[in-house]
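Chemist: Sequence:
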Amino acid sequence: MSEFYSANVKVFETLSGFLVLLALIFVVHFCIKIFVQKFVVHWFRDSKFYTIALLKDQKLLFWVSCLVYITIIYQGLSWMPHLPTTMVVVLERFGLASFILASLLVLTNLSRVVNEVYTQKPISRTRPIKSYLQGIQIVAYCFGFISIIAVFMNKSPLLILSGLGALTAIIMLVFRDSILSLVAGVQLTTNDLIRVGDWIEMPQFNADGDVREITLHTVKVQNWDKTLTIIPAHKFLENSFKNWRGMQESGGRRIKRSLYIDVQSIRFLTSEDIEKFSSYRLLRPYLEQKNKELQDYNEQLPPDVQKGSLNRRRLTNVGTFRAYLDAYLKNHPQIHQDMTFLVRQLQPGPEGLPIELYVFTRDTRWAIYEGIQADIFDHILSILPEFGLRFFQNPTGYDFMSMGPRSKELN
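Its first residue numbered 1, the sequence shown is counted upward by one per residue in the UniProt record's numbering.
Wrong hints could be hidden among the right ones.
As the list claims (entries may be wrong) - Once the Cα atoms are required to be at most 20 Å apart in a straight line, the calculated PhoX-like pairs of lysine-lysine come out as:
hint, residue 1, residue 2
1, Lys276, Lys290
2, Lys220, Lys235
3, Lys242, Lys256
4, Lys290, Lys330
5, Lys276, Lys256
6, Lys256, Lys330
7, Lys242, Lys220
As the list claims (entries may be wrong) - Using C-beta positions, here's what the derived DEER-type ranges look like:
hint, residue 1, residue 2, range
8, Asn191, Arg212, 16 to 24 Å
9, Asn394, Pro122, 52 to 60 Å
10, Glu238, Met401, 53 to 61 Å
Read the hints as simulated data drawn from the structure, not as lab findings. No residue lacks a Cβ here, since even glycine has one placed at the ideal position from N, Cα and C.
Make a model of the complete structure from these sequences and hints.
Modeler: Below is the structure:
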């Protein structure tokens, strides 16, 4: 009878300790929830101090709360007497391992928040700290996982480190690709270099298309011709590549193309040309402003100098044409006016005088972008003769035939 009573007492004491532990966890959870929702999130929601962001990060608060729960459970094992020794040992080891893992996750989220806060300061443009935070995380994770292994093996972490030192060469030889890919994956993910769905170009591997899958060892790219290119993950750190995500997110896609003008067609404008161009709606403001500017300049010249045509400033057909392109593109509904906008003259060469268009379209979709670009240059090439200009191109067979003795017969 006494043995039965003693057994019931042990069960009661263990169960009571377990219930007390559950009640304490519930109370702590309730207090943390009230603290987070009412105090941190509500009171500091509109705070302008960047350091308060440390207290508003939900992931950071979640893992800090997990540390509190794990500590309570670990300490609460002593409140439940009469548990089997093996169970107590297993629970203690799992508790320590969980505490270490939660601490690593707290460190990761704390580093992320600290970096976000730091990037808001002007000094972050010249002295970034993200690389240092990543180095701290790597060292912490290495020691953390070694400590977890030591806890489960009930060995000293120093003993495990000494054993790993002897196997380092073999590990590096056998798992070289896996280690490189793992490090590359961490770098690609942490630095947000590529994502699934990004359009990337990597000429070294003939890759030009969308990223379809990112795994530990490889990155799968579906090219525009629907073929697949499989690239080792670590190659993204060894070779350069282009990611078009920035263009897609910016809302503008660049047009950078030159129009080559035959320099022999460049001349000054006559009074008839100016009168004709004044009827063009897009050119009227330019001509009014330019005519006034030239008139004021020429009137300041001495009377004997004004007679010489070389001494006077005059309008040119190529300059007027460039002004027309500028006005035409500024009035084009598909051209982005808030991004880089240039209509410039480049250095003349064997192919004539280049007039370059450097603008951005509002639509970044490939087919739409190509259509906008084609329509613009269709219009430019068609209106070029109106300015007395010729587009430069190398002589063709027809050009040589027209120069021969039978050119009149052919015409």
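Chemist: So which hints don't hold here, by number, going up?
Modeler: 5
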